[in-house]
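Trainee: For reference, the chains in residue letters:
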Amino acid sequence: MNIIVCIKQVPDTTDVKIDPKTGTLIRDGVPSIVNPDDKHAVEEALRLKEKFGGKVTALCMGPPQADDALREVSAMGVDDLILLSDRAFAGADTWATSYALGEAIKKAEYDLVICGREAIDGDTAQIGPQLAGCLDIPQITYVKNVEMGDGKILCERALEDGYEKIEASLPALITVISDLNKPRYPSVGGIVEAYREKEVKVWNAEFIGADPELLGLKGSPTEVRKTFAPEPKGDGEILQGSTDEMAKQLVTKLVDKNILR
Amino acid sequence: MAQIKIDEDACIGCSICVNKCPDAYDLNDDQKAIVKNHNAPCAQIGADDCPVGAIEITGEIVPSEAPAPVAAPAPVVAQPTGDYKGVMVFAEQRGGEIKKVTIELLGRGRGLADDLGVELSAALMGHNVEGLAKELIARGADKVYLIQDAKLENYNTGGYATAMSKLINTEKPEIVLYGATHIGRDLAPRIARELHAGLTADCTELTIDLEQRLLLQTRPAFGGNIMATIMCPNHRPQMSTVRPGIMKEMDADPAKTGQVINFDAGLTDADITTRIIEIIKEKKSVAGLEDAKFIVSGGRGVGGADGFKTIQALADVLGAEVGGSRVAVEKGWISKDQQVGQTGKSVRPALYIACGISGSIQHRAGMQNADFIVAINKDPNAQIFTVADIGIVGDLFDVLPKLINELKAANIGA
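Line by line, the protein sequences are chains A and B.
When you line the first sequence up against my numbering, it's residues 1 to 261, in that order.
When you line the second sequence up against my numbering, it's residues 1 to 414, in that order.
Hints are computed from structural coordinates only; laboratory data are not their basis.
Heads up, a few of these hints could be off.
[To be verified] Here are the simulated lysine to any residue pairs, SDA-like style, with alpha carbons at most 20 Å apart: (1) Lys144(A) x His182(B); (2) Lys408(B) x Lys165(A); (3) Lys248(A) x Asp316(B); (4) Lys32(B) x Pro64(A); (5) Lys257(A) x His235(B); (6) Lys253(A) x Thr386(B); (7) Lys226(A) x Asp48(B); (8) Lys248(A) x Asp48(B); (9) Lys281(B) x Lys257(A); (10) Lys402(B) x Gln249(A); (11) Lys151(B) x Ile137(A); (12) Lys218(A) x Lys293(B); (13) Lys402(B) x Ser242(A); (14) Lys378(B) x Lys201(A); (15) Lys281(B) x Leu159(A); (16) Lys165(A) x Asp271(B); (17) Lys218(A) x Asp23(B); (18) Lys293(B) x Ile238(A); (19) Lys253(A) x Ile412(B); (20) Lys226(A) x Lys378(B); (21) Lys248(A) x Phe397(B); (22) Lys218(A) x Lys36(B); (23) Lys402(B) x Pro64(A); (24) Lys218(A) x Thr229(B); (25) Lys218(A) x Phe397(B); (26) Lys144(A) x Lys293(B); (27) Lys218(A) x His235(B); (28) Lys402(B) x Ile238(A).
Turn these sequences into a full structure, and let the hints steer you where they fit.
Mentor: The following block contains the structure:
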């Protein structure tokens, strides 16, 4: 069975801080990491390969330095590494990104495509479903458990108030959430191999035969108009006095405002 | 003459500057911004909008040609693009029950439609759901498109995406809104792909630029560290998924009338690409937090699962739900579905009491839309006080028992 895992290199947003004066992001010293949900996708692909045999390919769209992300998942045990990189992809929104990924995947053989639910820099969760649309295959999103057999995949899909069991025929695409598994650590041998011997294939727009009009900025229906720091609310009242007095004041104020009665 | 300097280390390759001013900026092979023309008239706009402040302009921008004369003010509302007109809401229902977010979308959709002077419609799909149309009209819809088919009884991507795409292609709304739920976020991207439409995820604010007749969609990005306003100038429809618990509902008006239109999507078995084996409902508290009127939340300062008993005690008196910050969840003091914040739930209760929560931006993103916020924290400089209506600087283990006593003494509570 051939499994393709899509991964993204992202800034570690837990380390991102905002400059309160300028309202801009402070990126100094913020490391690039493999998107957390995508590591769960890699883990599941490796587990399925261990059970059913086959090959796991990681596909990453990004600038040349995204090579690092591919080598990191290679050290976890991924077989083949493809970096989809071309200036023509720059500025792509989710539509144009999924188009490029889709055209690349069509060049490969696959039974299953696995994506993380969402990336922590954009939090859109749109690439998975849009990619499934490009490939015209069934999708199952928010997957928290996977079983397989008879050319079918059976998943538990998380809902707000429970979950559902859904079946689809292969080839299919799933997006996975962190409840699914615990990603393994890279092995020492894997790390050595990943950085010494592993080849990262670099595919460009021409190689995948993509329509230049549908790539990058040109192919993107959406545009960023502006960005700004979230506004602080301000003007709150800090109560004074002893704890007893403050508790009393709070209750009085909440009653006066008709919040409590 | 101006000189533009770009800090390559700071540049994140987001391409906003290129978007804003392609005359001045471009991206290089490393996806870093570079300068094409130091004196392009729009260069300053690109610099101002750089989210990391990587662009510095010194000197005065002197365009090589005189700028075009300023055009006369645009008409109040621009004409629709192509044949696309109207606002449509995907009316999410499960098990014959309208989801709360649908009502919220109708509330906001009504405002957008009124701004544009167009109709607000709702797309209702399912099996034997015609009875729900009345509520959608009472909550703001002028029209309800009803698509009924046994194949649509339970949500499935193939059937719903095909039916909704056909409806959009026929009725051509300029704006389509979906709830940012597990259904909406599965469905909307698939439709956007099919229609080559713009889609903005998880919006927290929607407004109209009347002059350009564009939907301005604002959403948090980079883990809630920054807000971005997205637009979709050249593709229709403009679509958004909208975070539940943010938009204001309209009060139900049972006297309001509207049209119910049956739409035949002509679904075939080939459109249904997944099979639902079983739907399992789990404990109610998951949905509870988003619908709660009162929430008492705890964070790092609660100190442990034991400390949450004090939080629970206050919640019991008020008839409130218990929530918490990411720290409280990661430490295992409360469950994941109780997490409030960017990576948890967005809540909008009438009263939110934050106890021992420092108020990281991730947490604030999920609760700052509460109608009234009380913060209790030992640290007077805690960020949570910036969003609080009332703050108490003190140890929650001193304050909460006294508060409980006061509430009981005043005979207040559930």
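Trainee: Take the hints in turn and mark each one as holding or not.
Mentor: The hints, checked one at a time:
{"no.": "1", "hint": "Lys144(A) x His182(B)", "verdict": "holds, 13 Å"}
{"no.": "2", "hint": "Lys408(B) x Lys165(A)", "verdict": "violated, 46 Å"}
{"no.": "3", "hint": "Lys248(A) x Asp316(B)", "verdict": "holds, 19 Å"}
{"no.": "4", "hint": "Lys32(B) x Pro64(A)", "verdict": "holds, 11 Å"}
{"no.": "5", "hint": "Lys257(A) x His235(B)", "verdict": "violated, 46 Å"}
{"no.": "6", "hint": "Lys253(A) x Thr386(B)", "verdict": "holds, 19 Å"}
{"no.": "7", "hint": "Lys226(A) x Asp48(B)", "verdict": "holds, 9 Å"}
{"no.": "8", "hint": "Lys248(A) x Asp48(B)", "verdict": "violated, 48 Å"}
{"no.": "9", "hint": "Lys281(B) x Lys257(A)", "verdict": "violated, 38 Å"}
{"no.": "10", "hint": "Lys402(B) x Gln249(A)", "verdict": "holds, 11 Å"}
{"no.": "11", "hint": "Lys151(B) x Ile137(A)", "verdict": "holds, 18 Å"}
{"no.": "12", "hint": "Lys218(A) x Lys293(B)", "verdict": "violated, 46 Å"}
{"no.": "13", "hint": "Lys402(B) x Ser242(A)", "verdict": "holds, 11 Å"}
{"no.": "14", "hint": "Lys378(B) x Lys201(A)", "verdict": "violated, 54 Å"}
{"no.": "15", "hint": "Lys281(B) x Leu159(A)", "verdict": "holds, 9 Å"}
{"no.": "16", "hint": "Lys165(A) x Asp271(B)", "verdict": "holds, 19 Å"}
{"no.": "17", "hint": "Lys218(A) x Asp23(B)", "verdict": "holds, 15 Å"}
{"no.": "18", "hint": "Lys293(B) x Ile238(A)", "verdict": "violated, 23 Å"}
{"no.": "19", "hint": "Lys253(A) x Ile412(B)", "verdict": "holds, 13 Å"}
{"no.": "20", "hint": "Lys226(A) x Lys378(B)", "verdict": "violated, 37 Å"}
{"no.": "21", "hint": "Lys248(A) x Phe397(B)", "verdict": "holds, 16 Å"}
{"no.": "22", "hint": "Lys218(A) x Lys36(B)", "verdict": "holds, 18 Å"}
{"no.": "23", "hint": "Lys402(B) x Pro64(A)", "verdict": "violated, 60 Å"}
{"no.": "24", "hint": "Lys218(A) x Thr229(B)", "verdict": "holds, 19 Å"}
{"no.": "25", "hint": "Lys218(A) x Phe397(B)", "verdict": "violated, 57 Å"}
{"no.": "26", "hint": "Lys144(A) x Lys293(B)", "verdict": "violated, 30 Å"}
{"no.": "27", "hint": "Lys218(A) x His235(B)", "verdict": "holds, 12 Å"}
{"no.": "28", "hint": "Lys402(B) x Ile238(A)", "verdict": "holds, 17 Å"}
The earlier numbered hints that this structure contradicts are 2, 5, 8, 9, 12, 14, 18, 20, 23, 25, 26.
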